[in-house]
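Enquirer: Modelling step: build the complete structure from the supplied sequences, incorporating the hints.
Respectively, the protein sequence lines represent chains V and F. The opening position of the first sequence corresponds to residue 238 in my numbering, with each subsequent residue numbered one higher. The opening position of the second sequence corresponds to residue 2 in my numbering, with each subsequent residue numbered one higher.
Please keep in mind that the hints were generated in silico from the structure rather than gathered at the bench.
Pair by pair, the computed Cβ-Cβ distance ranges are:
1) V:Gly240 / F:Trp41: 16 to 24 angstroms
2) V:Arg246 / F:Arg105: 19 to 27 angstroms
3) F:Gln15 / V:Arg259: 37 to 45 angstroms
4) V:Thr349 / F:Thr67: 42 to 50 angstroms
5) F:Trp41 / V:Gln254: 22 to 30 angstroms
6) V:Val249 / F:Thr54: 41 to 49 angstroms
7) F:Tyr74 / V:Val351: 39 to 47 angstroms
8) V:Ser324 / F:Ala95: 26 to 34 angstroms
9) V:Thr349 / F:Ser29: 38 to 46 angstroms
It should be emphasised that the depicted structure is a prediction, and the values quoted were computed from it without experimental measurement. Don't be surprised by glycine CBs; every beta carbon is placed ideally from N, CA and C.
Below are the chains, spelled out letter by letter.
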Amino acid sequence: NAGVMQNPRHLVRRRGQEARLRCSPVKGHSHVYWYRQLPEEGLKFMVYLQKENIIDESGMPKERFSAEFPKEGPSILRIQQVVRGDSAAYFCASSLTGFLIEAFFGQGTRLTVV
Amino acid sequence: GIQVEQSPPDLILQEGANSTLRCNFSDSVNNLQWFHQNPWGQLINLFYIPSGTKQNGRLSATTVATERYSLLYISSSQTTDSGVYFCAVYTGTASKLTFGTGTRLQVTL
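Expert: Have a look at this one:
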C-alpha cells in the first residue's frame, strides 16, 4: 500500500557500519510493526511500537538492533555494526488499531551488507 | 505460538490453468490475510478474510475458521501471477501477524 512509506528502498553497508531504516506510517496510524525477510524465507515479526512506546520486541535480536517511533517523525529501525547475516528485506506495516483490521505493508528496504 | 502451514510449497502452472493454494493454522484467528509478493519483492494485499468467501476478479478466497484453514483460488492464471503467496493470521493473544511458509508460484507461457 502506497500509504506506508519506507526509505531507502535499497541500502548497502559495509560490515561494521550502522544501518538506519525509516518507516512513515499511513497518516493517522499510531501502530507500527517491523518484519524481516531473509532470502528465500517468509516474513518474521521483529517489533511492535506505538507512539513513543515499544509494545512487543519479542522478535528483535537482543544485540545491535533497536527501534523507535517518536512522537513526531517516522519510525526508525537501527542496526549497529552490521554483519553479513543482517542482509535481508525489512518491511514495515502500520495500522489504526492493531491487526484486528486489514494491515498494509510498505515496499520494504533491502539491506545488503558487503 | 500459532503455526501457519501453506501448501503446496512450490507450484508451476501453464498460463490459463487454475490452482488452489491452502493455508492451515493451528489456533483460532481474528484476522487472516492473503498477500502476493511479486518478483520485485513488493507485498500486495489480496484479501482480508477472517471468515467466509470473497472474490476479486480471477482471484477468490474462502476461510473456514471453525476448521482452521483458508483457500486461495486463482483462475485462468497469467504470468503476472508469478511470485510467492503468503497467508498471515492474527490471533489476538499475541500482538503480531504471523506469516505462513508461503507458496511459490511460477506461471509459464
